[in-house]
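S.K.: For the record, the sequence lines run as chains P and R.
So in the working numbering, the last one in the first sequence is 622, and the numbering has no gaps at all.
So in the working numbering, the last one in the second sequence is 1149, and the numbering has no gaps at all.
Some hints could be false.
[Stated by the list, open to error] Computed far set for chain P versus chain R, every beta-carbon distance over 12 angstroms:
no., residue
1, Ser372
2, Gln388
3, Val393
4, Gln430
5, Ala473
6, Asp500
7, Val516
8, Asp559
9, Asn561
10, Leu563
11, His564
12, Glu567
13, Ala613
[Unchecked claim] Covered by chain P, according to a simulated footprint, are these stretches of chain R (three or more residues, beta-carbon under 8 angstroms):
no., region
14, 866-876
15, 958-965
16, 1021-1035
Don't read these hints as lab results, they were simulated from the structure.
Backbone N, C-alpha and C fix where the C-beta goes; we use that ideal spot for every residue, glycine too.
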Amino acid sequence: MELLRLATAGSVDDGKSTLIGRLLFDSKAIFEDQLESVERVSRQRGDEYTDLALLTDGLRAEREQGITIDVAYRYFATPARKFIIADTPGHIQYTRNMVTGNSNADLTIVLVDARKGIVEQTRRHAFLASLLRVPHILLCVNKMDLVGYDRDVFESLREEFAAFASRLDVADLSFIPISALQGDNVVQRSVNMPWYEGASLLHHLEQVYISSDRNLIDPRLPVQWVIRPQAASRLDYRGYAGRVAGGVFRPGDQVMVLPSGLTTTVAGIDTFDGPLDEAFPPMSVTIRLDDDIDISRGDLICRPMNQPTVGQDLDAMVAWMTERPLAPGDFLALKHTTRWVRAVVRDIHYRLDVNTLHRDESATSLALNDVGRVSLRVTQPLYYDSYRRNRQTGSFILAAEDTDVTAGAGMLLGPD
Amino acid sequence: MERDWGVAGSGQYQLSELQNIEAQSIHIIREVAAEFERPVLLFSGGKDSVVMLRLAQKAFWPGRIPFPVMHIDTGHNFTEVLEFRDRCVTEIGATLVVASVQHSIDSGRVAEEAGPNPSRNRLQTRTLLDAINEHRFDAVFGGARRDEEKARAKERVFSFRDEFGQWDPKNQRPELWSLFNGRHRSGEHIRVFPLSDWTELDIWQYVVEEQIDLPSIYFSHRRHVFRRDGMLLAVGPHVSPRDDEETFEATVRYRTVGDMTCTGAVESSASSAEDIVIEVAASRLTERGATRADDRVSEAAMEDRKREGYF
Chain P
207 MELLRLATAG
217 SVDDGKSTLI
227 GRLLFDSKAI
237 FEDQLESVER
247 VSRQRGDEYT
257 DLALLTDGLR
267 AEREQGITID
277 VAYRYFATPA
287 RKFIIADTPG
297 HIQYTRNMVT
307 GNSNADLTIV
317 LVDARKGIVE
327 QTRRHAFLAS
337 LLRVPHILLC
347 VNKMDLVGYD
357 RDVFESLREE
367 FAAFASRLDV
377 ADLSFIPISA
387 LQGDNVVQRS
397 VNMPWYEGAS
407 LLHHLEQVYI
417 SSDRNLIDPR
427 LPVQWVIRPQ
437 AASRLDYRGY
447 AGRVAGGVFR
457 PGDQVMVLPS
467 GLTTTVAGID
477 TFDGPLDEAF
487 PPMSVTIRLD
497 DDIDISRGDL
507 ICRPMNQPTV
517 GQDLDAMVAW
527 MTERPLAPGD
537 FLALKHTTRW
547 VRAVVRDIHY
557 RLDVNTLHRD
567 ESATSLALND
577 VGRVSLRVTQ
587 PLYYDSYRRN
597 RQTGSFILAA
607 EDTDVTAGAG
617 MLLGPD
Chain R
839 MERDWGVAGS
849 GQYQLSELQN
859 IEAQSIHIIR
869 EVAAEFERPV
879 LLFSGGKDSV
889 VMLRLAQKAF
899 WPGRIPFPVM
909 HIDTGHNFTE
919 VLEFRDRCVT
929 EIGATLVVAS
939 VQHSIDSGRV
949 AEEAGPNPSR
959 NRLQTRTLLD
969 AINEHRFDAV
979 FGGARRDEEK
989 ARAKERVFSF
999 RDEFGQWDPK
1009 NQRPELWSLF
1019 NGRHRSGEHI
1029 RVFPLSDWTE
1039 LDIWQYVVEE
1049 QIDLPSIYFS
1059 HRRHVFRRDG
1069 MLLAVGPHVS
1079 PRDDEETFEA
1089 TVRYRTVGDM
1099 TCTGAVESSA
1109 SSAEDIVIEV
1119 AASRLTERGA
1129 TRADDRVSEA
1139 AMEDRKREGY
1149 F
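Next up, chain R with everything else stripped away, as it sits in the complex (with noise of 0.2 angstroms):
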C-alpha cells in the first residue's frame, strides 16, 4: 500500500510524528545491528515488543531480522499471548530463544516466593541475566517506553550494564543528537529501547495505522474476575481468589500484558484498537498505575528492579 508520507497543510517534507519516531526507532535498531556482534530482541507478546518486531522488520526489509528473539517465559504467562507469540515469530521467519524461570527454580538458581500466589516477577531478572551470559548476548532490545514510569523517564535509549547486569542511574552516559555510544567490554552488555520516545497513545495509533495484530487478551472480552488491592485479577491456573475475595464475570480487556499474578484487567467494552485509541486519549490513569502490581511496591520499585538487571 502506498503511504502518504507528508503532514497536510504544514508545507512540504515534513514527517508526522509517528513517522518521525518511527524513523528514530528504524535507525536506533541499525545502528546495533551494525555495531554489536550478537544482539537479540525481547519480545513478549505485548503490545510493545510486537511494535518493536515490527520496527526490526522494516528496519531490514526485504531482508530478514539478522538477530534472535528471545522470551522469558516465567511460566505464568496468558495461554493467549504464548500461542500468539508462536504464531508472530513463525510468520517473519525470525529464530526464537526462550528461557524459562521454571527452568531457574529447578536449577536452583532462584527459588518461588513464599505463600500462595507467588509472583514470579522478580525472579525473572535472574533468568534474563543467565540466558544473556549464556548466549553471549551484547546488546539486548527491550520495549520500554521513558513515558510508562519515572526511573525510566531517564533511562538512555542504549543504556550500560555491568559484568552483574546493573543499571546506575547515576552515572549514565550523556546521550547527545543520534550519536550512541554501544562500546562495552566482554561481559557487560548494552540494553536497547528504541521505543523510548514512543507514549502508550503512539502505540495504539501505531497498531491502527499499521494494522498490527495483537494477542486477543488485549481487547475486550468477557472473563472471570475477582477484586484485589483495587486490581481485577483473573481467575487462574496460578491465581485463585481469597475466601473473602468474590469472583464475578466481567467484560475487560489488559492494557498491559504481564503475568497473570501481577496483571489486572480493566473494565472495557473496547472490541478494536480503534476503539482503545479512543479509550486511551480519554484514560485518566496510566497503564502501569492502572493495572500493574508490581510498581506498587514502593515509589522507586521500579528503579530497583532496573538496578538490579529488570527489563
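Next comes chain P alone, as it looks inside the complex (with noise of 0.2 angstroms):
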C-alpha cells in the first residue's frame, strides 16, 4: 500500500467539510462515536443538519465561532492506498496555513462552487500549491446539482482555470466535476453527468502516478546524527545518519562529503533491518564510508561529478507567517536541512500580489501572509539545490531570534 499525502483548502461554503466527511465516511474512516458526537453537537446548537466540519474541527474556539483555525489532518486509507489530508481555511489570513498544508503534500484539491465559478480563493489556492511545488492539482467543481448538472457550466470554469493555471508553474492538472452532498463522481461515477468520462474523485486519489515525483537524480543525504556504538564489539563502527533527500545511493559509490570537499567511497549502507544494496528518498539509513574523514551532523553527502550549489548568497521566495513584518536588516535564525544558521535579510525584491500575481516592486517589508522575492545571507554557506529542483534541499524555515516562534518559509531559487 502506498502513502498519499493531499491538501484541501476552501470554506464550509464551498462543500470542503461535507467532501471530507464525504470520503470519510464512505471510506468507513468516520466512527459511530464520532459521528454521535458530531450530531450531538450539532443538535445542542440547534443546527439544522449535522455539520460535518465538526469532524475536523477539534479545537473549543473552533466550534464556539463555528471556523477552523488551524491545520487538521485526517486519515484515511482505501485497499489501494493510505490517505492523509492536510486539511485548512481558506481564508486569506490563513495563507500561512495553506502553505503549511501544501508543504508535504503530493496534491492538492482547489474546490469551487459551480454557481460562483473561479473566485479569489480559487486562485490564491492554486497560486500557493504551485509555490509549494505541489505536483498535482486537482480542481474539483462542487455543487453540480445546484447548476442542473451542466456540462457547459463545467467546461468555461475549466477553460477559465487552465488559463489562469498557464501562468503557474503547475505539472498535472486535473478536472472533476462533482457533488459532494449529493455523492455525485466522489465515489462512484455519477450517473446524472454521462458526458464525464473521467474517474471519480476517489478513483484518481487512488490512481494518480506519484512515484516520480520524488527527485531520485541528484545523491544528497544531509548528516543528521553521527552514529559511534560505545561497545567493545564495534569500537570502530561510524556510521552518518540521515534522511535521503535525493538521488539513490549504492554501496561502492563514488561521494563527496561538503564541506570539506573530501572524496571516499559507500562502505555499506545500515540499517536495523540488515543491509541494503540502495538507499533512496524518503528513507532513513546510515551509511558507512571507507576512510575515516571528519564528519558532523549539517554535513551534506552527494557526488563529486553532482554537487548541489554551495552559497552565502541566498534568493528565495520567502512565505511571511508573523506578525512582526519582515524587513531588510533583519536578523533570524534559518534552519536548512539539518543545520541552523544566522541570516540577514538583504533586500526585498517586491511583494506578490497572492490573488492577482502583480509583483509589487515597491514594497519594502513583507507582512503577515505576504509572500514575496527576499536576499538574504548566512554566516555559513549553505549545500543547496533550487527548490524547483529538490523540496528537501530547496526549502528552509526563519525562525525570530527573540520569540523563537517560525516566522517564515523560504523556497530557494537557484540555477534551474
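Could you use the hints to bring the two separately framed chains together as a complex?
M.R.: In C-alpha cells:
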C-alpha cells in the first residue's frame, strides 16, 4: 500500500467539509462514536443538519465560533492507498496555514462552487500550491447538482481555470465535476453527468502516479547524527545517519562530503533491519564510508560529479507567517536541512499579490501572510538546490531570534 | 532478516505506506537527539509507546538509544503492563526513570479525588510536569497519534510548551516540510510526537510485520468484569463494582492501556496481533471512544487536559 499526502483548502461554503466528510464516511474512516458526538453537538447548537465540519474542527474556539483556525490532519485508507489530508481554512488570513498544508502534499484539491465560479480564493489556493510545488493539482467543481449538472458550466470553469493556471508552474492539472452533498463523482461515477468520462475523485486519488515526483537524480544525504556505538564489539563503527533527500546511494559509490570536499566510497548502507543495496528518498538510513573523514551533523554527502550549489547569498521566495513584518536588516535564525545558521535580510525585491500575481516592486517589507522575493545572507555557506529541483534541499524555515517562533518559510531559487 | 523495501507492481523506488511513516518517525527522533540536550521518551508499556521505542532503537542502531525512558506510574497500572515495561527496558538496555503519582500525593503536590474508585488520570499531569522540571528534560517524546482524538488532530509534531507546561492550541508554530523548530528557552520544553501520522491500524500492522512483543492484556483472555457507563471495567484492587453492578466473567481484551480505573475492555476473541488487525479494520468505534472514560468528560476533555500539560 502506498501513501498519498493531500491538501485541501476552502471555506465551509465551498462544501469542503462535506466533501471530506463524505470521503471519510464512504471509506469508513468515520467511526460511530465520532458521528454520534458530532450529531449531539449539532443538535445542542440547534443546527438544522449534522455539521460534518465538526469532525475536523476539534478545538473549543473553533466549535464555539464555527470557524476553522488551523491545519487539521485526517486519515483514511482504501485497499489501494492510505491518505493523509492536511485540511486548511481558506480565508486570506490563513495563507500561512495553506502554505503549511501544501508543503508536504503530493496533491492539492482546489474546490470551486459551480454557481460562484473561479473566485479570489481559488486563484490564491492554486497559486500557493504551485509555489509550494505540489506535483498534482485537482480542481473539483462542486455543487454540480445546483446547476442542473450542466456540462457547459463545468467546461467554461475548466477553461477559465486552465488559462489562469498556465501562468503558474503546475506539473499536472486535472478537473472533476462533483456534488459532495449528493455524492456525484466522489466515490462512484455519477449517473447524472454521463458527459463526464473521467475518473471519480476517489479513483483519481487512488490512481494518480506519484512515484516519479521525488528527485531520484541528485544524490543528497544531509547528515543528521553520527552513530558511534560505545560498545567493545563495535569500537570502530562510524555511521552517518540521515534521511535521503535526493538520488540513490549504493555501496561502492564514490561520494563527496561537504563542506570538506573530500571524496571517499560508500562502504555500506545500514539499517536495523539489515544492510541495503540501495537507499533512496525518503528512507532513513545510516551510511558507512571507506575513509575516516571528519563528518558532523549538518554536513552533506553527495557525488563528486553532482554537487549542490554552495553559497552564503540566497535568493528565495519567502512566505511570511508572523505579525512582525520582515524588512531589510532583520536578523533571523534559518534552518536548512539539518543545520541552523544566522541570516540577515539584504533586500526585498518584490511582494507578490497572491490573488492577481502582480509584483509590487515598491514593497519594502513583508507583512503577515505576504509572499515575496527576498535576498538573504547567511553566516556559513549552505549546500542547496533550487526548490524547483528538490523540495528537501531547496527549502528553509526562518525563526525569530527573540521569540523562537517559526516566522517564515523559504523556497530557494537557483540556476534551474 | 532481509526486508523487501519495494512495493510490488508500483514501479521502482517506492516505499510502502508503513515504510514511509517509519522513515519519517526515525527522522523526527534523530532530529530531537541532535538538537536537544536532555530528551526523554515517555513509555507506558502501551502499544504506541512500544512501537515508539522500537523506532528509537532503529534510529540509533547499532548504537544505543541516547536518552532515558520515563514512565508516569499512577499506582493504578495493570500488573501485566508493569512487568512488561521492566522486561522491555532491560532487554534493550535503556535507562528507566519512574515518576510516581503516589509520591506526588504523599508529598502534598496533588490531592486524591474524593469518592470511591478515584481516578488519577488528571493527577498525572502534575507528576509529569514535576518530573520534567526535576530532570530538566527539554524534549519529551509522546506516543500520541493525530487520528486518536480531535484536539490531537491539530497538534504539531514538535509542540511547544511554556514554562507552565501549557499548550496553546491557537498559537502553534507553523510546521513545514520536515524542518522542525525545537527552539525554546530554559524552563520551556517541546513535546515531540513521532507517531503523529500513524493510525491505530498502522500500529497493529507494524506490530505484526515487526513481530513486536506487547503486554498480554492486549490479547483475549478471561477476566472478571462489570459494566459501567457502557464500558467493561475489570474487577481489581482499585476498582470494585457498586451494589447495583453485576460482576461476570468474559473473554475480553484491551484496545488501549491506561489506568484500571478508566480503561475499559472490549469483548473479543482476538488472540494474536494478526487477529487484531482484522478486528480493528472492521471496528466502527474509535479506540478512545470505546474504552476511555477520561475522554468522556466533555467534548473538549482532551483539549482541556492537554492545555494543562497532559500527554
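S.K.: Check the non-interface label on Asp500(P): least C-beta distance to chain R beyond 12 angstroms or not.
M.R.: holds, 17 angstroms
S.K.: For Ala473(P), is the shortest CB-to-CB distance to chain R above 12 angstroms, so the non-interface label stands?
M.R.: Ala473(P) is indeed farther than 12 angstroms from all Cβ atoms of chain R, at 14 angstroms.
S.K.: Can the region 1021-1035 of chain R be counted as covered by chain P under the rule of three residues or more with Cβ-Cβ separation shorter than 8 angstroms?
M.R.: holds (count 5)
S.K.: Over 12 angstroms from every CB of chain R: does His564(P) meet that, or does the non-interface label fail?
M.R.: holds, 25 angstroms
S.K.: When you look at the beta carbon of Gln430(P), is every beta carbon of chain R farther off than 12 angstroms?
M.R.: violated, 5 angstroms
S.K.: Far enough from chain R: is every CB of that chain over 12 angstroms from the CB of Asn561(P)?
M.R.: holds, 21 angstroms
S.K.: Against chain R, does Ser372(P) keep a CB gap of more than 12 angstroms to every residue?
M.R.: holds, 27 angstroms
S.K.: At 12 angstroms, judged by beta carbons, does Ala613(P) keep clear of chain R as stated?
M.R.: violated, 9 angstroms
S.K.: Does Val516(P) clear chain R by more than 12 angstroms, comparing its Cβ with all Cβ atoms of that chain?
M.R.: holds, 20 angstroms
S.K.: Leu563(P) clear of chain R by more than 12 angstroms, beta carbon to beta carbon?
M.R.: Since the minimum Cβ distance to chain R is about 22 angstroms, Leu563(P) lies beyond 12 angstroms and the statement holds.
S.K.: Would you assess whether Gln388(P), listed as outside the interface, keeps its beta-carbon beyond 12 angstroms of every beta-carbon in chain R?
M.R.: holds, 24 angstroms
S.K.: Against chain P, does the region 866-876 of chain R show at least 3 residues with beta-carbon separation below 8 angstroms?
M.R.: It holds, with 4 qualifying residues against the three required.
Violated hints, listed in ascending order, are 4, 13, 15; each of the other numbered hints is respected by the structure.
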